[in-house]
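Q: Protein chains in written order, with this note's numbering: chain A, 27 to 363; chain R, 27 to 363; chain Y, 27 to 363; chain S, 27 to 363.
To be clear, the hints were calculated from the coordinates, so they are not data collected in a lab. Among the clues, some could well be false.
Any copy will do: because identical chains look the same in the list, a pair fits if it lies in one copy or spans two.
Claimed, not checked - Heads up, simulated BS3-like pairs for lysine-lysine below, C-alpha to C-alpha not over 30 Å straight-line:
no. : residue 1 : residue 2
1   : K331      : K58
2   : K331      : K38
3   : K58       : K48
4   : K103      : K347
5   : K48       : K171
6   : K221      : K96
7   : K32       : K75
8   : K58       : K38
9   : K75       : K171
10  : K96       : K48
11  : K76       : K133
12  : K93       : K103
13  : K32       : K49
14  : K37       : K58
15  : K103      : K58
16  : K104      : K115
17  : K221      : K75
18  : K93       : K58
19  : K32       : K103
20  : K115      : K347
21  : K171      : K221
Number of protein chains: 4
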Amino acid sequence: MILTLKPQATKKDIDSICDRIKKIGFSPHISKGKSVTVIGVIGPNAILKKEIFEAMEMVAFITPISKPYKLVSREFKKDDTIIDVRGLKIGGEEILVVAGPCSVETKEILFEIAKSVKESGARMIRGGAFKPRTSPYAFQGLGEKGLKYLAEARSITGLPVVTEVMNINHVKLVSEYADIIQIGARNMQNFDLLKEVGKSKRPILLKRGLSATIEEFLMSAEYILSQGNYNVILCERGIRTFETATRFTLDLNAVPVIKKLTHLPVLVDPSHGVGVREFIPAMCKASIACGADGLLVEVHSCPEKAYSDGAQSLLPGQFAKMMAELKCVAEAVGRKL
Amino acid sequence: MILTLKPQATKKDIDSICDRIKKIGFSPHISKGKSVTVIGVIGPNAILKKEIFEAMEMVAFITPISKPYKLVSREFKKDDTIIDVRGLKIGGEEILVVAGPCSVETKEILFEIAKSVKESGARMIRGGAFKPRTSPYAFQGLGEKGLKYLAEARSITGLPVVTEVMNINHVKLVSEYADIIQIGARNMQNFDLLKEVGKSKRPILLKRGLSATIEEFLMSAEYILSQGNYNVILCERGIRTFETATRFTLDLNAVPVIKKLTHLPVLVDPSHGVGVREFIPAMCKASIACGADGLLVEVHSCPEKAYSDGAQSLLPGQFAKMMAELKCVAEAVGRKL
Amino acid sequence: MILTLKPQATKKDIDSICDRIKKIGFSPHISKGKSVTVIGVIGPNAILKKEIFEAMEMVAFITPISKPYKLVSREFKKDDTIIDVRGLKIGGEEILVVAGPCSVETKEILFEIAKSVKESGARMIRGGAFKPRTSPYAFQGLGEKGLKYLAEARSITGLPVVTEVMNINHVKLVSEYADIIQIGARNMQNFDLLKEVGKSKRPILLKRGLSATIEEFLMSAEYILSQGNYNVILCERGIRTFETATRFTLDLNAVPVIKKLTHLPVLVDPSHGVGVREFIPAMCKASIACGADGLLVEVHSCPEKAYSDGAQSLLPGQFAKMMAELKCVAEAVGRKL
Amino acid sequence: MILTLKPQATKKDIDSICDRIKKIGFSPHISKGKSVTVIGVIGPNAILKKEIFEAMEMVAFITPISKPYKLVSREFKKDDTIIDVRGLKIGGEEILVVAGPCSVETKEILFEIAKSVKESGARMIRGGAFKPRTSPYAFQGLGEKGLKYLAEARSITGLPVVTEVMNINHVKLVSEYADIIQIGARNMQNFDLLKEVGKSKRPILLKRGLSATIEEFLMSAEYILSQGNYNVILCERGIRTFETATRFTLDLNAVPVIKKLTHLPVLVDPSHGVGVREFIPAMCKASIACGADGLLVEVHSCPEKAYSDGAQSLLPGQFAKMMAELKCVAEAVGRKL
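Turn these sequences into a full structure, and let the hints guide you.
A: Right, dumping it as structure tokens:
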């Protein structure tokens with residue numbers, strides 16, 4: 027970390043800053059220029075003490091020369107992390123498509139959708155048993171019963187299951203049924219939940235918060251890795267902007283940026299990102315084209331009867347058609363699907 | 027709720043939509059215009075079923091004619107809610123100033139700050155024992171020890187205490203020490219935590235999420251009231267925008283908007299909202315001028331040694347000076363401080 | 027347009043609103059429901075008078091049932107507009123790649139870049155002679171001299187030329203040299219300039235403003251068409267959001283949305299949208315995958331010596347490599363390049 | 027400006043960067059730390075060449091140690107600029123309230139409003155003769171006829187007049203009628219227009235763009251000052267964010283920030299910023315409380331008949347009531363009204 031001091035900083039100010047640097051365990055490296063004095067703060071993880079220097083009256087600018095995250099960074103691990111889930115590889119050559127309804131509603135509908143998406147080429151099933159809903163009066167999910175239906179759907183189709191956990195006390199329960207545990211966008215900075223899933227043995231699918239910067243997103247992943255769980259999959263799902271033509275603004279820039287900064291696999295969820303059925307296939311293609319390792323797609327056999335997010339669910343026929351198109355795009359960028 | 031159908035909707039489409047409306051327990055009211063058909067969906071809380079209609083192919087627009095929140099609305103309760111905390115009234119004529127350090131660090135510093143802000147006119151103490159931090163490597167708070175220090179600070183000064191809870195399993199513990207329980211911005215849509223504090227007897231201070239619309243903010247308050255806890259205080263603390271000159275964009279428009287929509291008291295936290303010490307007094311004045319019922323202000327006797335947010339903490343002398351100025355503004359708008 | 031009145035609206039209020047509707051030339055169509063009265067405002071382009079109704083005390087909601095733009099809409103013209111520029115078709119099967127330096131600097135560099143991008147498959151040259159710069163002290167472009175160099179580059183390579191006009195008084199001059207006239211993002215709502223280029227015979231490349239909604243973007247295109255110039259090409263170039271890891275947030279959602287709403291061709295400018303050299307190829311691929319009709323790409327043979335935007339310019343070798351990759355993606359989505 | 031190099035930068039890279047620094051007229055000042063090399067770029071206005079260094083492969087970070095604007099900065103001129111318009115002082119002790127209709131419609135309505143706002147204490151009249159409208163089919167203003175009406179309103183009331191110019195060719199015409207020339211938000215980066223009004227002798231009221239950072243806003247002011255016109259008044263009018271409860275998000279943080287960075291007077295326009303009549307008085311009070319030098323307020327005697335922005339216009343009675351309240355707030359912060 028490099029501190030650029032204000033021009034009016036005196037010898038005494040400089041000494042006092044250097045003393046403080048030493049007291050917290052780092053070495054100061056002073057460089058006096060014609061008009062400005064610069065102090066390097068040398069030592070492992072100095073950046074984590076940034077706040078101390080921000081509060082100093084005589085510090086004009088702070089230049090971070092290292093990232094605030096460690097374990098998730100490419101510097102820590104150069105090669106792509108490939109996560110194995112019942113034999114499926116996430117983050118490798120193959121593009122993973124996870125599909126299913128927004129929420130688990132009835133056994134019959136879930137099984138029908140699961141069988142249908144499998145036939146079209148999906149390799150994993152998604153579905154919510156615990157649902158984070160803006161309104162306390164909206165359907166909150168079937169809870170454990172929903173988890174059981176998901177496990178049955180897995181038995182029938184052979185496809186592994188991704189489902190969300192919202193509550194620190196449900197992590198164990200969800201782990202028993204799910205193959206991958208999802209942390210939703212609204213819980214991206216629910217730090218105690220991150221720590222808890224960090225102790226789980228299941229891979230974690232972490233969704234980007236609605237207004238999280240990429241750096242904050244990676245810091246939340248770091249919470250999980252710092253507890254010992256290295257199997258984290260990142261998922262871009264749209265950020266909040268001024269545009270109202272779409273539900274959110276799917277930030278595909280984030281895909282190449284994250285792939286550069288971290289070794290973790292990156293999925294994209296265009297269903298939530300754009301929120302309008304007819305625009306989802308286009309954004310799925312774009313996601314693969316810019317380097318995503320996979321997709322999360324909402325599919326419902328009767329969207330008008332869905333308990334949630336019907337407007338953004340593809341019909342099984344639309345999904346099948348899209349999968350054929352995605353195969354071409356995947357191959358065009360040297361991947362398989 | 028009013029559905030405006032697409033021009034191409036046929037008699038059959040209209041019948042099918044009306045059937046569905048009846049099946050979910052509402053009455054359809056059809057009005058055919060020259061170029062367009064409009065269907066009113068009549069019945070209590072029809073708006074809560076909005077998603078069902080969004081997924082319908084033939085529905086072009088949905089006009090909500092009621093709000094999705096009930097208990098927090100002015101329609102439900104016309105008069106301002108005034109919350110009594112150890113004799114202090116929040117939401118009445120008097121402006122409440124809550125002040126203290128960002129996080130509880132040592133006993134000595136906390137007591138020193140508490141005494142000092144009391145002298146300057148603060149009526150309540152703030153301080154974090156459980157701290158939501160972007161980095162897993164940053165100071166995470168003293169936990170229960172911090173709560174004990176806060177309780178001691180209350181004994182010494184007589185000032186009630188506001189402190190944050192982040193974890194559903196800590197609600198009982200925090201309730202034992204705190205007079206008001208804070209839900210931080212990053213947990214505004216941690217719905218299980220909202221439900222849990224909704225069962226508490228303590229008043230709740232709910233902070234607006236970084237990218238939460240005002241409607242979502244009120245829906246989160248509705249979660250708490252729907253569990254039986256009617257003592258909710260709303261707090262604007264800055265939203266995330268493109269501007270980087272300040273830490274967040276304090277959205278003071280929200281104050282009169284929220285005061286109109288709801289009966290709950292509204293505080294403002296300019297320390298987080300603007301994030302730069304020297305601009306905080308101006309924004310505190312503006313908050314009172316536009317109708318806020320109180321302020322949350324970070325004060326630290328030695329910001330450079332603070333474990334968090336030192337850059338946005340006022341010095342005790344700056345706080346004292348500001349309080350004198352705020353008194354004039356409060357009186358100018360017919361309030362007391 | 028449908029007006030939903032407030033519940034307290036009286037018979038007198040309703041009559042007065044209907045009178046006003048008639049006075050401005052439309053027919054009111056009243057529908058009284060149990061709890062609410064709805065008035066349809068019938069007549070061509072009623073939506074253009076929306077503001078009048080917004081100002082009415084008793085109007086609670088306004089539901090627009092038609093779009094505020096006409097000539098640019100798919101309703102007005104169902105088939106894709108294909109624009110012919112010296113034999114090149116924009117908006118057809120073939121993907122158009124426009125490449126060149128951010129600004130025209132010297133003859134030599136321009137020619138070198140032009141020849142190189144042609145070799146790699148670019149079909150048009152871009153380069154700024156009049157440069158909108160945030161700072162009055164930054165290089166403002168070579169002006170007419172730059173236009174002449176561009177025309178020479180066209181003679182040498184046979185590639186048509188796109189260049190920006192910023193000033194209403196330069197439209198004629200730029201038209202003499204350019205094959206397509208660009209309106210930059212910062213001038214998207216410079217309405218007098220839009221009217222002026224609407225009178226030009228040259229096709230117009232209209233860039234989306236940094237904070238323009240898609241509807242506002244189309245309204246700006248409508249300005250140009252309303253003056254008689256139907257050859258407008260729309261260009262997504264990134265919107266302003268809270269994310270700072272990239273220069274702007276390229277909003278690729280906009281591509282399928284715009285293609286649905288309008289018949290005009292859509293290009294994407296990932297160079298400005300993402301603003302970091304190494305991420306541009308990924309976003310170019312994504313743009314084609316989601317349906318863009320072409321790309322605008324900045325290329326510079328020596329970015330470190332560029333007068334502007336060097337950090338986001340591809341090197342000629344990087345551009346050549348990317349073009350080969352884009353060809354595959356174009357074919358995967360049924361297009362040619 | 028300080029360049030922090032990448033750790034892998036070699037001796038050769040460092041030499042090459044230093045050569046380039048010297049070639050463009052500055053002196054390099056190298057400081058080698060343990061893990062990183064830092065180069066200071068010394069010389070007047072080095073910051074204006076920032077782009078050159080951004081494009082360099084081996085430069086990891088750039089720390090600007092000076093601002094990119096000069097003439098508008100507090101460093102250039104320490105004391106507040108006070109602008110004299112027909113004897114009125116803008117930027118001094120007195121708060122200036124400018125009021126009037128959004129657009130000039132008829133003589134009668136304009137005169138009626140002008141007389142009424144004068145009586146309530148407004149010291150200047152606003153009204154648009156040239157109107158920037160999102161739609162080409164909306165009322166575009168009366169043009170020169172509108173300017174004449176404004177001049178007549180000035181004769182009748184004695185109040186100076188503020189009106190907008192949109193077109194570089196109208197600057198002379200508008201100057202003949204207006205006392206202050208307004209540049210609207212959508213033209214904040216219409217650089218040729220900024221240069222043109224920079225040559226005018228009239229004071230300029232420059233509105234902040236919808237998505238302009240404070241730094242960009244000041245750079246646009248710098249354009250005007252750099253042409254010799256030092257009488258620039260800045261106006262915050264709301265920025266574009268995700269919140270839809272208000273028309274824009276009035277960014278009052280900008281007021282103390284701008285007052286610190288520049289010597290120019292700052293007005294606030296809550297009518298556009300919040301866009302809903304009933305919330306405007308609260309935001310006017312807040313604007314004065316946080317240090318604004320004045321207000322722009324839309325007033326209309328019959329908002330339902332206004333050609334534009336009726337929904338955000340105060341009625342004359344509401345304006346009169348508000349002015350009495352503003353007087354108290356102004357005095358509370360040591361100002362007069």
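Q: Give me the numbers of the hints this structure contradicts, sorted from smallest to largest.
A: Structure breaks no hint.
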